[in-house]
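Trainee: Protein chains in written order, with our numbering: chain P, 1 to 225; chain D, 1 to 262.
Rather than coming from a laboratory, the hints here were simulated on the basis of the structure. Mixed in with the good hints there might be a few duds.
[To be verified] Calculated cross-link-like contacts (lysine to aspartate or glutamate; reagent style EDC-like; alpha-carbon spacing at most 20 Å):
hint	chain 1	residue 1	chain 2	residue 2
1	P	Lys85	D	Asp63
2	D	Lys142	P	Glu89
3	D	Lys142	D	Glu207
4	D	Lys35	D	Asp63
5	D	Lys223	D	Asp30
6	D	Lys142	D	Glu155
[Claimed, not checked] Chain P regions said to be covered by chain D (calculated; three or more residues, Cβ under 8 Å):
hint	stretch
7	74 to 86
8	164 to 174
9	177 to 183
We treat Cβ as the ideally placed atom computed from N, Cα and C, and that holds for glycine.
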Amino acid sequence: MISLDFAAVLEQWPLLVRGAALTVALTALSAALGTAVGVACAWMRVWGPAAWRWPVVAYVELVRNTPFIVQLFFVFFGLPAAGVKLSPEAAALIAMTVNLGAYAAEIVRAGLEATPRGQIEAARSLALDERQVFLRVVLPPALGRVWPALVGQIIIVMLGSSVCGQIAAAELSYQANLIQSRNFRAFEAFLIGAAIYLGLSLLLRRLLDEIGPRWIFGRRAATGR
Amino acid sequence: MTASRRGLVAAVLLAGLGLCGLAQADALADIGSRKQIAIAIPTDFPPYGFVSTDLKPQGLDVDMAQLIATRLGVKVELVPVTSANRIPYLQTRKVDLVISTLGKNPEREKVIDFTAAYSPFFQAVFAAKGVTIRGAADLAGKTVGVTRGAIEDIELSRIAPADSEIRRFEDNNATVSAFVSGQVVAIATGASVAGNLMARNPQLGTEYKFVLKDSPNFIGVAKGEDALRGRVNEIIAEARSSGELDRLARRWLGRPAGNLPQ
Numbered sequence: 001m002i003s004l005d006f007a008a009v010l011e012q013w014p015l016l017v018r019g020a021a022l023t024v025a026l027t028a029l030s031a032a033l034g035t036a037v038g039v040a041c042a043w044m045r046v047w048g049p050a051a052w053r054w055p056v057v058a059y060v061e062l063v064r065n066t067p068f069i070v071q072l073f074f075v076f077f078g079l080p081a082a083g084v085k086l087s088p089e090a091a092a093l094i095a096m097t098v099n100l101g102a103y104a105a106e107i108v109r110a111g112l113e114a115t116p117r118g119q120i121e122a123a124r125s126l127a128l129d130e131r132q133v134f135l136r137v138v139l140p141p142a143l144g145r146v147w148p149a150l151v152g153q154i155i156i157v158m159l160g161s162s163v164c165g166q167i168a169a170a171e172l173s174y175q176a177n178l179i180q181s182r183n184f185r186a187f188e189a190f191l192i193g194a195a196i197y198l199g200l201s202l203l204l205r206r207l208l209d210e211i212g213p214r215w216i217f218g219r220r221a222a223t224g225r
Numbered sequence: 001m002t003a004s005r006r007g008l009v010a011a012v013l014l015a016g017l018g019l020c021g022l023a024q025a026d027a028l029a030d031i032g033s034r035k036q037i038a039i040a041i042p043t044d045f046p047p048y049g050f051v052s053t054d055l056k057p058q059g060l061d062v063d064m065a066q067l068i069a070t071r072l073g074v075k076v077e078l079v080p081v082t083s084a085n086r087i088p089y090l091q092t093r094k095v096d097l098v099i100s101t102l103g104k105n106p107e108r109e110k111v112i113d114f115t116a117a118y119s120p121f122f123q124a125v126f127a128a129k130g131v132t133i134r135g136a137a138d139l140a141g142k143t144v145g146v147t148r149g150a151i152e153d154i155e156l157s158r159i160a161p162a163d164s165e166i167r168r169f170e171d172n173n174a175t176v177s178a179f180v181s182g183q184v185v186a187i188a189t190g191a192s193v194a195g196n197l198m199a200r201n202p203q204l205g206t207e208y209k210f211v212l213k214d215s216p217n218f219i220g221v222a223k224g225e226d227a228l229r230g231r232v233n234e235i236i237a238e239a240r241s242s243g244e245l246d247r248l249a250r251r252w253l254g255r256p257a258g259n260l261p262q
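Go ahead and model the full structure; you've got the sequences and the hints to work with.
Mentor: In structure tokens form, the structure reads like this:
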């Protein structure tokens with residue numbers, strides 16, 4: 001029977017707090033930027049000029065069919081060869097944003113394509129210009145339709161940020177790893193790390209379920225009524 | 001295996017060991033009459049011992065083995081060993097000497113004897129020639145890559161100034177990649193990893209800066225072979241005063257052998 005010693009890990013709480021803070025910061029920024037990238041790509045793919053569609057398809061397929069850690073290593077270890085040196089945190093943020101952007105593009109596209117034609121025609125007949133049609137009539141209910149899938153993807157990206165420790169971005173897993181390499185309490189360190197991730201995930205889901213209907217697409221728009 | 005069989009095996013092994021003890025010849029005389037010395041070397045531990053592209057073993061340990069054979073006036077038979085089997089090779093007399101990046105500790109001293117140290121093994125900080133780092137204090141404001149949890153990580157974390165940025169990576173490969181791609185200015189690592197790094201990336205002009213921890217290498221001799229051990233110690237002392245040991249260390253490790261314990 002292993003004897004567990006959680007105190008040995010918990011006494012390092014400042015490290016855990018700093019790690020969790022970076023995880024939250026990376027997630028918040030990449031969620032906002034990644035969703036924006038996703039909406040832009042989805043728009044280009046559905047309504048954009050034909051010449052823009054192929055680059056978007058290439059980006060989406062490239063990112064969705066390669067492992068996140070490879071993308072991360074490419075940004076951190078590969079880009080310096082092209083003269084672009086980024087801090088581990090910046091590299092992590094870029095990799096997470098690029099990754100979420102590709103998945104969000106496909107999720108948002110599904111929402112856009114489910115828009116009834118009549119809705120768009122009705123908007124045009126009210127003399128709204130194309131920008132207004134997209135931003136005010138099409139996008140909000142489209143986001144509402146796919147919101148649960150988008151929230152799920154954001155949480156996957158947050159949990160995926162745990163590999164950013166590999167490039168020395170001092171996020172939560174990095175700190176848990178550091179603690180266990182010092183006191184050899186690997187099981188306790190990772191168990192506490194996992195508990196923090198669980199708490200963050202539940203909190204983030206609650207928060208996004210709140211933010212979405214209130215600020216982004218509105219309750220009525222969400223249900224299409 | 002049942003308890004009684006295990007007992008029997010143990011008894012046979014003990015008897016065998018006893019016989020070995022009785023049959024102990026003078027290894028030095030034996031080497032002289034054979035005109036050949038068998039030396040265990042690593043082939044998986046650059047730059048101490050590794051296989052080059054022409055499939056020949058080379059490295060600091062290999063050069064040392066050659067040096068000892070030459071001074072003894074005999075041919076050398078290089079026997080590749082691993083970290084785990086190098087001491088058993090000596091105990092079972094399959095080799096006369098072990099020159100295999102072997103550190104000395106009390107557990108090992110119970111089963112084999114050691115000569116004086118012949119080469120340094122150390123964890124140190126390395127960086128490009130243009131970077132001024134003379135000691136831990138010079139790491140202030142610099143980024144240093146290190147493999148998390150390794151001896152060098154523990155040492156570095158202890159002595160690095162608070163405003164130096166230590167970036168810890170998962171394994172030696174990631175740490176080396178971070179240094180090679182310029183993501184960290186300096187790297188704290190073992191002599192073996194650094195030697196490999198310098199050999200493969202000569203364009204970086206990496207050089208040794210300062211040592212974090214020393215744990216020199218010794219040559220292993222079978223227990224009780226005092227004549228052989230004495231002769232090898234003479235050769236080491238000679239090589240040390242003639243500067244040969246320094247040349248070897250400089251060639252393979254990028255720094256002189258320094259003060260090696262006797």
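Trainee: Look at each hint and say if it fits the structure.
Mentor: Consistency of the hints with the structure:
With a CA separation close to 40 Å, the supplied pair Lys85 (chain P) and Asp63 (chain D) exceeds the 20 Å bound. The hinted pair formed by Lys142 (chain D) and Glu89 (chain P) meets the criterion: a straight-line CA distance of about 17 Å does not exceed 20 Å. With a C-alpha separation of about 16 Å, the suggested pair Lys142 (chain D) and Glu207 (chain D) falls inside the 20 Å cut-off, and the hint holds. A threshold of 20 Å between alpha carbons decides the hint, and for Lys35 (chain D) with Asp63 (chain D) the separation of about 19 Å falls inside it, so the pair holds.
Taken as a hint, the Lys223 (chain D) and Asp30 (chain D) pair is honoured in the structure, with Cα atoms around 16 Å apart against an allowance of 20 Å. With a CA separation close to 17 Å, the supplied pair Lys142 (chain D) and Glu155 (chain D) stays within the 20 Å bound. Only residues whose beta carbon comes within less than 8 Å of a beta carbon in chain D count, and the stretch 74 to 86 of chain P has 6; three or more means the coverage holds. Residues of the stretch 164 to 174 of chain P with a Cβ under 8 Å from some Cβ of chain D number 5, which satisfies the need for three, so the listed coverage holds.
Check on the stretch 177 to 183 of chain P: 4 of its residues sit with their Cβ under 8 Å from a Cβ of chain D, so the three-residue criterion for coverage holds.
Hint compliance for this structure: hint 1 alone is broken.
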